[in-house]
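Numbering-wise (our numbering), the sequence shown opens with residue 31 and increments by one.
Careful, some of the hints might be misleading.
[Said to hold, decoys possible] Using C-beta positions, here's what the derived DEER-type ranges look like: (1) E124 x T61: 17 to 27 angstroms; (2) F119 x I68: 25 to 35 angstroms; (3) M86 x L123: 30 to 40 angstroms; (4) I64 x T87: 15 to 25 angstroms.
What the hints contain is simulated information worked out from the structure, not anything from laboratory work. Every residue gets a Cβ at the ideal spot worked out from N, C-alpha and C, and that includes glycine.
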Amino acid sequence: MAATNSFSNPIARSDDTIYLKDIYGVTFDSTVEIYEAITKIAAAGEDGKVTLPNGMTIDVTTLSGMTTYTTYLQFLQAHKELIDNVFVFIKNLENKLDNLLSS
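Using the sequences and the hints, build the whole thing.
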């Protein structure tokens, strides 16, 4: 699943089945995506070839390849930060609603 789909489209398809993702699942998925991207560069080996989720293969031993991969990692980090901020907002909202209802 692409990084932009997990947050911008909370209704996702998996094996022709539609399921609804909540913010907790989306937060977890964003964490997994960024660590998978970091693992790919660590596992690149001597040839330095890394395949992005869109299928594009880049060579991280070149300046342009490293710049592309660094930009991709920065995008994933910004995406994760956005999702984490929404998660914190929702968690705080739930706490306030719970306090409002219990008082």
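Status of each hint after checking the structure:
{"no.": "1", "hint": "E124 x T61: 17 to 27 angstroms", "in the structure": "holds, 20 angstroms"}
{"no.": "2", "hint": "F119 x I68: 25 to 35 angstroms", "in the structure": "holds, 26 angstroms"}
{"no.": "3", "hint": "M86 x L123: 30 to 40 angstroms", "in the structure": "holds, 39 angstroms"}
{"no.": "4", "hint": "I64 x T87: 15 to 25 angstroms", "in the structure": "holds, 20 angstroms"}
Checked against the numbered hints listed earlier, the structure breaks none of them; every hint is satisfied.
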